[in-house]
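Work out the full structure, taking the sequences as your base and the hints as a guide.
So the chains spell out like this:
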Amino acid sequence: MEGAEAAVRMRDITKTFGPIVANDRVWLDIFRGEILALLGENGSGKTTLMNMLSGIYYPDAGHIHVDGREVSIRSPRDAYKLGIGMIHQHFKLVDVLTAAENIILGMPGKGRLDLRAVGERIRRICSLYGFDVDPQRKVYDMSVSQKQTVEIVKVLFRGADILILDEPTAVLTPQETDRLFAVLRNMRDDGKAVVIITHKLYEVEELSDRVAILRRGQFVGDMPTKNTNAGEMTNMMVGRPVSLNIERPEPHSPKPRIVAEGLTVRDIDGVTKLSGLSFTANSGEILGIAGISGCGQKELLESIAGLQPVESGSIVYLDPESGEEIQLIGKDPRAISALGVALSFVPEDRLGMGLVGNMDLTDNMMLRSFRRGSSVFADRKAPKSLAERVVGELGVNTPGVDTPVRRLSGGNVQKVLVGREIASAPTVLMTAYAVRGLDINASYTIYDLINRQKEKGVAVIFVGEDLDVLLALCDRILVLCGGKLSGIVPGRGANKREVGMMMTRLGGEAEK
Amino acid sequence: MTQLLALLQAALVFGTVILFGSMGEIITEKSGNLNLGVPGIMYLGGIAGLAGAFLYESSAAVPVPLAGLLIALLCALAASMLGGLIYSFLTITLRANQNVTGLTLTIFGSGVANLFGGAMNKMAGGVGQISVAATSGAFRATPPFLSGLGVFSGLGFMAYLAIILAILSSRFLNRTRRGLNLRAVGENPATADAAGVSVTGYKYLATCAGAAITGLGGLYYIMDYIKGTWANDGGIEKLGWLAVALVIFARWKPLHAVWGSYLFGVLFWLYLYIPGVSLDRSSQEIFKMLPYIVTILVLVAVSIKKSRGNEPPANLGLPYFREER
Amino acid sequence: MNRKATEPFVRIVKRDGLPLWHSWLIRLAALALALAVCAAVIFAIVRLNPLRVYGAMWQGAFGSAKRGWITLRDTMMLLCIGVGLAPAFKMRFWNIGAEGQILVGGLATAACMIYFGSAIPTWALLLLTFAVSAAAGAVWGVLPAFFKARYGTNETLFTLMMNYVAIQLTAFFVAKWENPFGSNTVGIINQTHKSGWFPAVFGQQYLLNALLVLALTVFVFIYLRYTKHGYETAVVGESERTARYIGIDVRRVIIRTMLLSGAICGLAGFTAVAGASHTISTSTAGGRGFTAIIVAWLARFNTFVMILTAALLVFLEKGAIQIATQYNLNDYASQMITGIILFFILGSEFFINYRLIFRGKKEAD
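Residue numbers (this note's numbering), protein chains in the order written: chain A, 1 to 512; chain B, 513 to 837; chain C, 838 to 1202.
Everything labelled a hint here was simulated from the structure, so no lab data went into it. Be aware that one or more of the hints could be misleading.
What the hints assert, rightly or not - Quick list of the computed label-pair ranges, beta carbon to beta carbon:
{"hint": "1", "chain 1": "C", "residue 1": "859", "chain 2": "B", "residue 2": "645", "range": "49 to 59 Å"}
{"hint": "2", "chain 1": "C", "residue 1": "857", "chain 2": "A", "residue 2": "12", "range": "33 to 43 Å"}
{"hint": "3", "chain 1": "C", "residue 1": "1021", "chain 2": "A", "residue 2": "111", "range": "53 to 63 Å"}
What the hints assert, rightly or not - Dumping the calculated DSBU-like pairs for lysine-lysine here, alpha-carbon to alpha-carbon at most 30 Å:
{"hint": "4", "chain 1": "A", "residue 1": "147", "chain 2": "A", "residue 2": "81"}
{"hint": "5", "chain 1": "A", "residue 1": "226", "chain 2": "A", "residue 2": "200"}
{"hint": "6", "chain 1": "A", "residue 1": "456", "chain 2": "A", "residue 2": "384"}
{"hint": "7", "chain 1": "A", "residue 1": "110", "chain 2": "B", "residue 2": "765"}
{"hint": "8", "chain 1": "B", "residue 1": "817", "chain 2": "B", "residue 2": "739"}
{"hint": "9", "chain 1": "C", "residue 1": "1013", "chain 2": "A", "residue 2": "331"}
{"hint": "10", "chain 1": "B", "residue 1": "817", "chain 2": "A", "residue 2": "138"}
{"hint": "11", "chain 1": "A", "residue 1": "255", "chain 2": "A", "residue 2": "484"}
{"hint": "12", "chain 1": "B", "residue 1": "817", "chain 2": "A", "residue 2": "331"}
{"hint": "13", "chain 1": "A", "residue 1": "496", "chain 2": "A", "residue 2": "200"}
{"hint": "14", "chain 1": "A", "residue 1": "456", "chain 2": "B", "residue 2": "817"}
{"hint": "15", "chain 1": "B", "residue 1": "765", "chain 2": "A", "residue 2": "138"}
{"hint": "16", "chain 1": "A", "residue 1": "147", "chain 2": "B", "residue 2": "750"}
{"hint": "17", "chain 1": "A", "residue 1": "384", "chain 2": "C", "residue 2": "1013"}
{"hint": "18", "chain 1": "A", "residue 1": "381", "chain 2": "C", "residue 2": "1065"}
{"hint": "19", "chain 1": "C", "residue 1": "1013", "chain 2": "B", "residue 2": "750"}
{"hint": "20", "chain 1": "A", "residue 1": "255", "chain 2": "A", "residue 2": "226"}
{"hint": "21", "chain 1": "A", "residue 1": "496", "chain 2": "A", "residue 2": "484"}
What the hints assert, rightly or not - Some but not every residue of chain A turned toward chain C, in silico, with C-beta under 10 Å:
{"hint": "22", "residue": "307"}
{"hint": "23", "residue": "311"}
{"hint": "24", "residue": "357"}
Glycine included, C-beta positions come from ideal geometry on N, C-alpha and C.
This is the structure in structure tokens:
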């Protein structure tokens, strides 16, 4: 890449959050007329690095040059002045405002708000690259993909010619993804620099001209995409060859434990999240749940856990001891556990739901057990020894059991949560994105823990995002598509491409 | 009929005080700052205006009304903006809790105002002896081109100023770029920040500008409502909290605050004018509850309906720190 | 060179786990700074040596046994309200309606004293008053809690409005119970036979107030720290989602906690009326419901620390009143001084939670 002047040159960029080093002396070059894929596992520091370019974070150390000039990017405003615009994974839109209002928000200029002129310019940008945006529409009325489009138009509207997209396809259907890629190619041909942050190899291969790889906050290397292959990229990403050697013991004598029929759920806005879903989860088996994110996985688990009001349908729990059938719908978590249903749930939002960040390990262990006994006083002795046991057995890296969990790293937080959930000897264990943000070793620890539960005869429901993991770990895989059952396939011998198809189309058949 | 007219007149004067107070607070809250220092700021504005006018009138041989008016206005604006600045510095820069800071500001403002008010009463020779006749007269004079407006005529110029300010702030919020930016800051500061809006700047400006308008309420109270004097009776504080109530009642819209303030005025004085009934003092006190009860009902109704657009700014009362994670 | 000039002048970084003595040092520094500023302000007004003025403050608070007891009594009153607010704030429920809860508690007390004063013996009357005033405060506290729990109604604004409803209600009863006629006050209730008044304990008039409040302080401390209820309150305060996830009935906890919070504030009204003033007026609460928020906040909701913060605020108030009378100012000087000191203490919290990194330096405190 010598010769061409880099649009952006980042040198020795370091950023720490407390004890966590998110970026460690990272080097990166970005060129115009090129799509760069910034590849790395979850938690490898990709987003942090780009946030420093877009003015959200300020680096602790290092230099940034834009067009050969050293710059200091203190705020998003500074970034825009340099032509840098970022589309964040969590959209930064104001719900109660319209598309046009969101797009013009924060633009230089005073005085009257001429929304008609803004609308005109938006339409021009849209027709140039092939978008579709209604400027008058309120953001809270939009679909996810429409919101993303507004974000992209917003960046272009500001004249950005260095665009950064943070995992833009995570929320899109394949058709929407194709459309997005086409637009991004248009932009590259228009001479813009495009960076996409991703951890999906096929996106790198399909879209990018060059790929740069981060691992654990460090820059590993970059190369033209055509000179590399999936194997090499994976090696660079994870640091050693991954053979997803996840153990999968044969289930013995699976029996139905949870039987759901005709499950239909709407959210508060009346949008259907699950419709007519029926399935069975067996004891001693891992039932994987696959689907594009936001396809009803959360609602499915929360319906079983008693956290989600259900419109119609039934969820029956079959007690392994008595064989009794217990209807779970219409009961809250407390009522469910009072009936003797030993349900454990590792939710996606670990610190916002599963644990209390400001409380220490002991108090977090207490969440499940504090009601025990008839005393008005809460027992802290048992939770404390449980905390010590979890720390010891799962190798939680913490100064002590009286440390607030928010100070632990992501992997340790998850160990604390999973450790607590399996400590209560569950008969059903549900996990949502159990290894998200965890390093390889921590991930394998979690897979092991789940497998041990399965061997004990627990019915495990495992919601995952990585198809490779789902295919290697689960006995059966339930594929969701838009809140409907697309199919249930056996985990052994399942075809990744086939499951991928089922995620995007009901039943996975090629329609039309 | 004359009874009704008298009630409306009383309501307009009363309403104007809280209209200033709540308009300022609406602007402040639009930036996401819940400033419970409204009574304190009104105190500061009122006492500074009074002190300015008092010092001027007692030093000038023949006080010029217009000069007194300008001095009072400037003093009131400066003092109330200072109050807003203290609040902003503590909550925005130093990230102190908004509720506690606001309440402290109310304690401080009330202390300062009553301390100096009492001192001025003493200097003037007793309670009610402060004379700022020229200035107060100027505040109470109706602009000549505003006569003949029926029940709306005969008010001091600030009553009209309040309406004009309400229209202007409504236009500012809904029809200008900066108003849009401000609304975004109160709704979702992270988004506004990412879009290049200076969240800190807007919060500071909105809070200080809001405080200035709120302070005018205190000035109007002193110069017009109680006709240029001082009493340590907590009158401003009571109205200050009503102004906070009005913000909710108006659902964060300045134009709604206009009629809402007059309605509050009617409710407040209603007990004097109920035809055919002369209430004893105890029942009057029950009637004075009305504005508060109505506000509670509105607050509950808004929270039950949850219609978008009527809700408080989404980030109201919460701090914003860009690098928090 | 270029790099230095473009770096932001100062950056703010969150810090975790500052040693306790360090954070108290920062608070003390803020207090010292505040006292210096107050001294300057006082000097500007009265042109007197600020040290003498502070000496006068000490005199005002502890100058005689009687003053000492009154300082104690008022500290206990403020502490009682702070203790009442603690459970609510632990739950992150902004109860700024203590003022109203005190008033209705006081009203209930006054009503019992007036209507049953001569009918039943004082010990029975005291028990009755205790129960009724706690119940009245609880009702005032639970109304906003119910709507918060059911519809998410903003409790800050709701409790604020309830204060004024309570004030008008008090005004109504003051007019009803007026004594003597035309005075617009209730006068001292049961002045002759003192029924319903707190009895002197060991010859000390205000010792019972102190004992009652200290008992409540210990009770709330234990309740919040060691009971299942207290644990639930803390979880709801930290994260409602977590509370739901583990099956805590959030609505019930909100209502239960506010019943307790309101009841203790109602008892503060009981102490104020039966144990101190023996009368009721719209200023019986006198802004202490708001001041107590600051007491509770500064103590981080630890009721034992509140003894210190309440004492500090009462000391300031008594001292400032002394300055005012001694140097011919009025009592409101105390509010101004309190305000200034609180501004500084509030600001100091920032330096406890964050540290600043100045341009060119590695880091600084």
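Agreement of residue 817 of chain B and residue 739 of chain B with the hint, judged by alpha carbon distance not exceeding 30 Å: Roughly 42 Å between the alpha carbons, so the hint for residue 817 of chain B and residue 739 of chain B is violated.
Hinted pair residue 384 of chain A and residue 1013 of chain C, Cα distance within 30 Å: Distance of about 59 Å is beyond 30 Å: violated.
Distance restraint evaluation - residue 857 of chain C, residue 12 of chain A, Cβ atoms, bounds 33 to 43 Å: Holds, since residue 857 of chain C and residue 12 of chain A (Cβ atoms, about 38 Å apart) stay within the stated range.
Verdict for residue 1021 of chain C, residue 111 of chain A (Cβ pair) under range 53 to 63 Å: Between residue 1021 of chain C and residue 111 of chain A, where Cβ atoms are some 56 Å apart, the hint holds.
Consistency of beta-carbon spacing, residue 645 of chain B to residue 859 of chain C, with hint 49 to 59 Å: Roughly 58 Å apart at Cβ, these two residues keep to the hinted range, so it holds.
Satisfaction of hint between residue 138 of chain A and residue 817 of chain B, Cα-Cα up to 30 Å: Holds, at about 19 Å.
Distance restraint between residue 1013 of chain C and residue 750 of chain B, which requires alpha-carbon spacing of 30 Å or less: Holds: residue 1013 of chain C and residue 750 of chain B sit about 22 Å apart, inside 30 Å.
30 Å limit on alpha-carbon distance, applied to hinted pair residue 255 of chain A and residue 484 of chain A: Cα-Cα ~24 Å, so holds.
Pairwise hint evaluation, residue 331 of chain A against residue 1013 of chain C, where the allowed Cα distance is 30 Å at most: Roughly 51 Å separates the two Cα atoms, so the pair is violated.
Restraint check for residue 496 of chain A with residue 484 of chain A, where alpha carbons must lie at most 30 Å apart: With a Cα-Cα distance of about 19 Å, the restraint between residue 496 of chain A and residue 484 of chain A holds, given a limit of 30 Å.
Agreement of residue 147 of chain A and residue 81 of chain A with the hint, judged by alpha carbon distance not exceeding 30 Å: holds (24 Å)
Proposed proximity, residue 1065 of chain C with residue 381 of chain A (alpha carbon, max 30 Å): holds (14 Å)
The structure is inconsistent with the numbered hints 8, 9, 14, 16, 17, 20 and 23, although it conforms to all the rest.
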